[in-house]
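Enquirer: Listed here are the chains, written in short residue letters.
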Amino acid sequence: MYILIFLVPISILIAFSFVMLFIFATKKGQFDDLETPAFKILIDESNKVNQSK
Amino acid sequence: MSEHVKISENCDHCGELIISPHQFILNGNIKRFCCSGCETVYQILNNNGLTDYYELKKSSPVKSSPIHKSDESYEYLDHQEFLDKYATCNSNERKLDFFLEGVHCVACLWLIENLPKVSRGVINAKLNMQKSIVSITINNEGSFSNAAKQLALFGYKPHPVLNKADVEEFQKKEDRKMLIKIAVAFASAGNIMLLAFSIYSGASSWFTSQFNLYSLILFLPILLYSASPFYSSAYNALKNKQLNIDIPIVVALFLGTISGLVSIFTNYQHIYFDSLSTLVFLLLSARFLLKKSQQRSLDAVDIASFFTSKTAHKWNEENKLFEDIHSQFLKQYDLIKVKQGEMIPVDGIVIDGHSSVNNSLLTGESIPSKIAKNDYVYSGTINIDQDITVQVLNINEQTRLGKILTSVENGWNQKSDIVTMTEMVAKNFVFIIFTIALITLVSVYLITGNIEDSFTRAFTLIIITCPCALGLTTPLALSLTLGKLAKMGIIVKSEKIIEKLYNAKNIFIDKTGTLTNGKFTVSNLNNYNGEIWDNLSLIYNLEKKSKHPIALALQEYVESEFLKNGLQINVYKLDDYLEIPGIGVSALIENINYSIKSSKNEKNNSQTCIALYKTDKPILEIYLEDQLREDSYEAINQLNKFGISPKILSGDALGPVKHIATKLNLLKSNYYYRVSPEDKSKIVESSNKAIMLGDGANDAIALSKAYVGIAVKGSAEISLRAADIYLSQNGIKNVISVIAASRETIKIIKRNIIFSILYNIIGSYLAISGQITPLIAAILMPLSSITVLISTLVATKNFRKIFANILIS
Numbered sequence: 001m002y003i004l005i006f007l008v009p010i011s012i013l014i015a016f017s018f019v020m021l022f023i024f025a026t027k028k029g030q031f032d033d034l035e036t037p038a039f040k041i042l043i044d045e046s047n048k049v050n051q052s053k
Numbered sequence: 001m002s003e004h005v006k007i008s009e010n011c012d013h014c015g016e017l018i019i020s021p022h023q024f025i026l027n028g029n030i031k032r033f034c035c036s037g038c039e040t041v042y043q044i045l046n047n048n049g050l051t052d053y054y055e056l057k058k059s060s061p062v063k064s065s066p067i068h069k070s071d072e073s074y075e076y077l078d079h080q081e082f083l084d085k086y087a088t089c090n091s092n093e094r095k096l097d098f099f100l101e102g103v104h105c106v107a108c109l110w111l112i113e114n115l116p117k118v119s120r121g122v123i124n125a126k127l128n129m130q131k132s133i134v135s136i137t138i139n140n141e142g143s144f145s146n147a148a149k150q151l152a153l154f155g156y157k158p159h160p161v162l163n164k165a166d167v168e169e170f171q172k173k174e175d176r177k178m179l180i181k182i183a184v185a186f187a188s189a190g191n192i193m194l195l196a197f198s199i200y201s202g203a204s205s206w207f208t209s210q211f212n213l214y215s216l217i218l219f220l221p222i223l224l225y226s227a228s229p230f231y232s233s234a235y236n237a238l239k240n241k242q243l244n245i246d247i248p249i250v251v252a253l254f255l256g257t258i259s260g261l262v263s264i265f266t267n268y269q270h271i272y273f274d275s276l277s278t279l280v281f282l283l284l285s286a287r288f289l290l291k292k293s294q295q296r297s298l299d300a301v302d303i304a305s306f307f308t309s310k311t312a313h314k315w316n317e318e319n320k321l322f323e324d325i326h327s328q329f330l331k332q333y334d335l336i337k338v339k340q341g342e343m344i345p346v347d348g349i350v351i352d353g354h355s356s357v358n359n360s361l362l363t364g365e366s367i368p369s370k371i372a373k374n375d376y377v378y379s380g381t382i383n384i385d386q387d388i389t390v391q392v393l394n395i396n397e398q399t400r401l402g403k404i405l406t407s408v409e410n411g412w413n414q415k416s417d418i419v420t421m422t423e424m425v426a427k428n429f430v431f432i433i434f435t436i437a438l439i440t441l442v443s444v445y446l447i448t449g450n451i452e453d454s455f456t457r458a459f460t461l462i463i464i465t466c467p468c469a470l471g472l473t474t475p476l477a478l479s480l481t482l483g484k485l486a487k488m489g490i491i492v493k494s495e496k497i498i499e500k501l502y503n504a505k506n507i508f509i510d511k512t513g514t515l516t517n518g519k520f521t522v523s524n525l526n527n528y529n530g531e532i533w534d535n536l537s538l539i540y541n542l543e544k545k546s547k548h549p550i551a552l553a554l555q556e557y558v559e560s561e562f563l564k565n566g567l568q569i570n571v572y573k574l575d576d577y578l579e580i581p582g583i584g585v586s587a588l589i590e591n592i593n594y595s596i597k598s599s600k601n602e603k604n605n606s607q608t609c610i611a612l613y614k615t616d617k618p619i620l621e622i623y624l625e626d627q628l629r630e631d632s633y634e635a636i637n638q639l640n641k642f643g644i645s646p647k648i649l650s651g652d653a654l655g656p657v658k659h660i661a662t663k664l665n666l667l668k669s670n671y672y673y674r675v676s677p678e679d680k681s682k683i684v685e686s687s688n689k690a691i692m693l694g695d696g697a698n699d700a701i702a703l704s705k706a707y708v709g710i711a712v713k714g715s716a717e718i719s720l721r722a723a724d725i726y727l728s729q730n731g732i733k734n735v736i737s738v739i740a741a742s743r744e745t746i747k748i749i750k751r752n753i754i755f756s757i758l759y760n761i762i763g764s765y766l767a768i769s770g771q772i773t774p775l776i777a778a779i780l781m782p783l784s785s786i787t788v789l790i791s792t793l794v795a796t797k798n799f800r801k802i803f804a805n806i807l808i809s
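Chains A and B supply the protein sequences, listed in that same order.
Per our numbering, the first sequence starts with residue 1, numbered consecutively.
Per our numbering, the second sequence starts with residue 1, numbered consecutively.
No lab work stands behind these hints: they were computed from the structure.
As the structure is a prediction and not an experimental result, all values here were calculated from the model.
Please note that a few of the clues may not be correct.
What the hints assert, rightly or not - Listing some non-contacts, in silico: residues in chain B with all C-beta distances to chain A over 12 angstroms:
{"no.": "1", "residue": "CYS108"}
{"no.": "2", "residue": "GLU113"}
{"no.": "3", "residue": "ASN503"}
{"no.": "4", "residue": "ILE569"}
Unchecked claim - Below are the DSS-like pairs computed for lysine-lysine, each with C-alpha atoms no more than 27 angstroms apart in a straight line:
{"no.": "5", "chain 1": "A", "residue 1": "LYS28", "chain 2": "B", "residue 2": "LYS149"}
{"no.": "6", "chain 1": "B", "residue 1": "LYS172", "chain 2": "A", "residue 2": "LYS40"}
{"no.": "7", "chain 1": "B", "residue 1": "LYS545", "chain 2": "B", "residue 2": "LYS564"}
{"no.": "8", "chain 1": "B", "residue 1": "LYS545", "chain 2": "B", "residue 2": "LYS573"}
{"no.": "9", "chain 1": "B", "residue 1": "LYS573", "chain 2": "A", "residue 2": "LYS40"}
{"no.": "10", "chain 1": "B", "residue 1": "LYS733", "chain 2": "A", "residue 2": "LYS40"}
{"no.": "11", "chain 1": "B", "residue 1": "LYS126", "chain 2": "A", "residue 2": "LYS40"}
{"no.": "12", "chain 1": "A", "residue 1": "LYS27", "chain 2": "B", "residue 2": "LYS291"}
Each residue gets a CB set at the ideal place from its N, CA and C atoms; glycine is no exception.
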């Protein structure tokens, strides 16, 4: 049971690294617009503009 | 053998019913459209290989509207001064944001983001669906005016967002910081909860003290970093000697930390880190959600600024021509040209030209006054007759209109009564709660002698009570509604108006163009004197400058009749031209006075009868018909259901007005005929809580005197001077929508307030009686905020569906 003394700090470290990843993603602007990408999934690849006529 | 060609009833572009089979092009198949606007867009999409647009549109639940051809000029967007102030520049590229009307589905998103394919020089178009704002990047080849014109052509009327470029950047950075604080709070709170769980489940005291220590360490990031917004808010309030809702939270944090530290060092069991960390996390999330929701829509001031005077034609001395610039860049002594039909944007003096101006906004008179060289003209008046050149004397707030309207312009962002009341309650709320907490602390201690219990109860009370619905969601509901209405083309000047619409009792509706189609058709002619073709030519010349529906109908009729018979319309020179809005026109032609106005021949016909008079003797009578709109009957019913009594105000004769009124089941006391603009304003003023529906330019006086003024025709900038609401689409449908939206919003607000009151009462009782722990309180409080917030968001999300259902039922 006393292994917990070792495990808890490790889990805290893992949590910390996840927070760092989140901070990185936020700074890169991935969370700026959460609405528009939801619409974009409705657009298929086949809807690409027809270049050749 | 005849082939049965299946002809679709609906426009191939926008899906609306085709009333007048307007245009069609051959494309292998026959494509039919409701108007030339839709036809044009279809051709553009076809030529650029963008017909997938129609595939995508099928999945959209909302119908789009027919394309309106706009005569707005976007040249001022290319002016260097404008770009320097509002566009961001990056090496060879320039970026500018536009608010777009009419964006509602994925097809719109796809089409707009494909703008680079259609418009040369546009590198990128990125649309934010939530705000309806598109960010356009162009290179040296492109111009914003072309991009704007193209967007307008597709049916998305663009308005440049005039925030300074760095405000947007700043907001973005603030939002990111907030997100990180929430993430840190969540990570800490989650882990502290894990540890706390094991303690609650009965871990032995050795573990307890270890986990308490870990909890303390985990709590530090929250205490020192995540909770900083609360500290700065509380500090600002205290600096101003006021209380706000963040102060109890700071107090709770402070007390909780101290008692936690004491617990650790004295090996006492009870700590509050779990409650506090959860509290901070949930509160930050609620606040962030609130902020993001408010960012979905621009506030009333932003929206209103889109529709104020933009383009001015300034004389450029170097290039020796008039160039279009944004009117805010005008300076004193500049020379500008004000074209016929435009609003005069400044106070100034006429340098060249002679014309007449509509002063109704300033003087309250509907009869235009003549102006010539060296006359003064004032901002807010409309130049009716001919182009004039004006030298600028006063601009913006310095104009006579600006000074008069200062109080009106403050109405741009007038607070509604509900908001003022709730703010007052929120301010006193905190003080009251602290007092009650203190009383609880003292009395429980005196009764039970248990300091820990009394402290816990007071602590819980401070945590659980929250005036959130009052202070936070009421402004949110109002601003969300304003934003949603703006996206539908309904511009509401301030939040107070929504409340007023809820309280309105009467509504005065203009007949022509609102209840009727506004498209007059000539049904009969009676020629009394003179050659009919001469008379028709005279009519054409007299009506050429007017934009009144009757004038337009007459012009069309004369043009088509002459065309049919292969004749040419004579052109006459007009002297002393005068148009009296709603009454008629008159002028001197070859020294004889001719006028066109309502026929004195009152046969009580259901049709409108006007006559051409030669020195006051009628020489030609024309009968015109105007059809009732198909949604008018339903709209009148709906108004009655709302409890708003509908009445008709019209300058037309008794016959046609009575005809329409009977069709709509209106009683005799509920319609007025042959009303002049001055009469209109008197009638509206004397009526109780009356909404006035009318023409922005001609009914300006009545609109400004009404309880709520709604402008349905004309240009936005002119209308919004006098009216509180501007509808960019014709017809009565949108009036019903805006009234329905207001009622819905006020209902939502009342619901939220009741919920908040109940919650606080029940919560306080539970806290004082010691039935809940601080942890539960810490969860319940943000939960209540989020509940109210989400219910507001969900309710306003369904506005479109509500409108559709109202009109069907």
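Enquirer: If a hint holds in the structure, say so; if it does not, say that too.
Expert: Now the hints, each set against the structure:
1. Against the 12 angstroms criterion, CYS108 of chain B falls within the reach of chain A, whose nearest CB is about 9 angstroms from its own CB.
2. Interface exclusion of GLU113 of chain B from chain A breaks down, the closest Cβ pair being 9 angstroms apart, not more than 12 angstroms.
3. Distance check for ASN503 of chain B against chain A: the nearest CB is about 34 angstroms away, which clears 12 angstroms, and the non-interface claim stands.
4. Every CB of chain A is more than 12 angstroms from the CB of ILE569 of chain B (nearest about 44 angstroms), matching its label as outside the interface.
5. Taken as a hint, the LYS28 of chain A and LYS149 of chain B pair is broken in the structure, with Cα atoms around 33 angstroms apart against an allowance of 27 angstroms.
6. Distance restraint check for LYS172 of chain B and LYS40 of chain A: the Cα-Cα separation of roughly 22 angstroms lies within the 27 angstroms cut-off, and the hinted pair is therefore satisfied.
7. This hinted pair checks out: LYS545 of chain B and LYS564 of chain B have alpha carbons roughly 23 angstroms apart, not beyond 27 angstroms.
8. Taking the CA atoms of LYS545 of chain B and LYS573 of chain B, the gap is about 13 angstroms. The hint holds against a cut of 27 angstroms.
9. Among the hinted pairs, LYS573 of chain B with LYS40 of chain A is inconsistent with the structure: their alpha-carbon atoms are about 59 angstroms apart, more than 27 angstroms.
10. Restraint check for LYS733 of chain B and LYS40 of chain A: the C-alpha separation of about 31 angstroms exceeds 27 angstroms, so the hint is violated.
11. The straight-line distance between the Cα atoms of LYS126 of chain B and LYS40 of chain A is roughly 12 angstroms, inside the 27 angstroms bound, and the hint therefore holds.
12. For the given pair, LYS27 of chain A sits about 19 angstroms from LYS291 of chain B by alpha-carbon distance, which is consistent with the 27 angstroms threshold.
In summary, the structure is inconsistent with hints 1, 2, 5, 9, 10 from the numbered list given earlier, while agreeing with the others.
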